[in-house]
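Chemist: Taken in sequence, the protein lines are chains W and Y.
All letters in the first sequence, in the order written, are residues 1 to 340 by our numbering.
All letters in the second sequence, in the order written, are residues 1 to 358 by our numbering.
All the given hints hold, so there is nothing to weed out.
Under the rule of at most 30 Å between Cα atoms (straight-line distance), these lysine-lysine pairs were calculated in the BS3-like manner:
(1) K135/W to K90/W
(2) K210/W to K251/Y
(3) K329/Y to K244/Y
(4) K251/Y to K271/W
(5) K135/W to K149/W
(6) K210/W to K271/W
(7) K142/W to K209/W
(8) K251/Y to K209/W
(9) K209/W to K149/W
(10) K149/W to K251/Y
(11) K209/W to K244/Y
(12) K6/Y to K251/Y
(13) K244/Y to K271/W
(14) K11/Y to K87/Y
(15) K251/Y to K11/Y
(16) K87/Y to K6/Y
(17) K136/W to K209/W
(18) K210/W to K136/W
Honestly, the hints are just simulated from the structure, not real lab data.
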Amino acid sequence: MKPATAPTRRGEPLLSVRNLGVTFQLRGQQGAKAVDDVSFDISAGQHVGLVGESGSGKSVTSLAIMGLLPQRGVKVRGEVMFDGVDLLKKSRREMSDLRGREVSMVFQDPMTSLNPVVPIGTQIAEIIQRHFNAKKGPALEKSEDLLAKVGLPDPHRRLREYPHQLSGGMRQRVLIAMALACEPRLLIADEPTTALDVTIQAQVLEVLKKLVADTDAALLMITHDLGVVAGLCDTVNVMYSGRIVESATRERLFGQPRHPYTGGLLASIPKLDSPRGAPLTPIPGSPTQLLPWSEGCAFAPRCRNRTDECTSRTPGLDPDGDRHLRCFNPLTPTVAEAAR
Amino acid sequence: MSTLLKVEGLKVHFPIRQGLLLGRQVGAVRAVDGVDLEIPEGRTLGLVGESGCGKSTLGRAILRLSPITEGRVMFDGVDVASLKGEKLRAIRQDMQMVFQDPMASLDPRQSVETLLTEPLRAHGIAYDRRTRVKELLEQVGLPSSAARKYPHEFSGGQRQRIGIARAIALEPRLVIADEPVSALDVSIQAQVLNLLEELQHSLGLTYLVIAHDLAVVRHVSDEVAVMYLGAVVEQAPSDGLYEKPLHPYTKALMSAVPVPDPVVEATRERIILQGDLPSPANPPPGCRFHTRCPFRQPTRCDTERPALRELDRDHRVACHWAEDIASGKIQPHAVRPEDVMTFTSRPSNPSEIFDAMP
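The shape of chain W in the complex, shown without the other chains (with noise of 0.2 Å):
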């Protein structure tokens, strides 16, 4: 049941995200923007992160490419390329046949995300059924040897066995089964393992690691926790406030921080192997909930690089060297390397 995926069009990348915005809009309220002027590329094969606190828009934009947000009172510019076509012009419908099926998801908290009265083994089996036509059946053998890829002990067993009788890590196992069950070319995942214990989130990510190797997607990881993309991604994108405020490979972005947002972050977290009493150097204050954009920089309130330009103008996503940046100030490779 191997489904023969196209070859993406030579030289373009899978997915291409273009000024991305998403507003929120209320009756008789000024619109919320959540997402604003977000790019990004990913290529065939690739691991590309998200990174953000709460209330970046990461997850926004996550739901904003597949389609997820609700119709009403939502506001989505921009364009999200898929193999050269754009996913916003879609149709529901279209849509609906897409998901799951060449783009997947799998979410933060697989208690709410899947069914409680419907057994794992039926709710594997139905996304089979509806992409292949399937009868349930071989869609059922098929959900089996998906358990027992994602390392569920006893998967025939499993197939019968409700999410309540699963653990927390098994559960985020069957979501992952559920979103590989396909083999799509786009797997987005939104926090995968934040619910998780460490010791089994290295289990989850082994799994999820390995998985996407072998069925050679591409994966977006959405995560607040730069210690996962370090040993997932290629390449990486910091967000803050709606907008992306740098954006390079893992070597650089860790090795060399230069937007003072990404730099004060790696400097605020205290680190297994830094020896006790090394002070944290914390960001001061905490992120705005509206997107302060339009009049500047988002980060200047809290930037210790902050001059009359960050105030006055915005700051556009501009190519640096190894990187793109949003920062008229970037730290200088020196004091970025002095404050890790």
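Following the hints, complete the assembly by docking chain Y onto the known chain W.
Modeler: Same frame as chain W, now just chain Y:
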């Protein structure tokens, strides 16, 4: 340095009852099953472990917020476990707690001023409302205008500051912080950790910091205790523990923590544990960790429960084979998931879990 808190053989068992009304007890969830700890005055002990290992229950039991089944909690020479009524209430003045979720632990209908003075009123301490509230807010780095506001008007980090201000309002000697930063955003966590450290210096506090994040615990603690399934498996000064973990569980835990450095991530040794935490209602015999242990030996591990013993200076570990593992004589082997399953908690009957709750 004198010992402020000493916990000896502490057990907290929650009975599992069956039957409708006065159900008979059919078992017990052994949330904490024999823990010994000691914190010198002015120091910080970190308690790490995964969810379900009993670390929070232990913290609550020390404050008598959870019933103690067995054991002693000596606070400055007084056994808290045997205190009752007024005496227990009085000693709580010296032992305060910072909770994980400040939104849930602060009454949304009380102003910050009321929240901060409530403990003072409860303990009948005379105070000058204006100056004390202002002083407390200053200590945690909030403007004095915060006094008239309500919890919802603050950000997560500021709310946690209020929670800390309330904990230090009574000038306690011991503060137990249960996951003080895990509900906060990464960029805010460092602010709160630094605040805790400052307060320790200025007020001479003794801390028990409970957290699942090893890096956070390492940063704030002088000494670290690692818990697994109701018992401490390893305890050591924090530098010693992170440089040379001796217990297989500590090794696995540390290798599982993602490090924000691609070079480290690519090169370090990784131990991936199989399966989930066994159920504390039906813990494995012998060493609690033997079902998932990649260093498990055919003898002793599954029959004899290892006690904490001192291997290096101040470095205690509960493993029969710690020396051989450290010297490399015993090498890790594969663990089949099937072996783990026998004891893995399978909450097939949800009512069991609810009954077990206090």
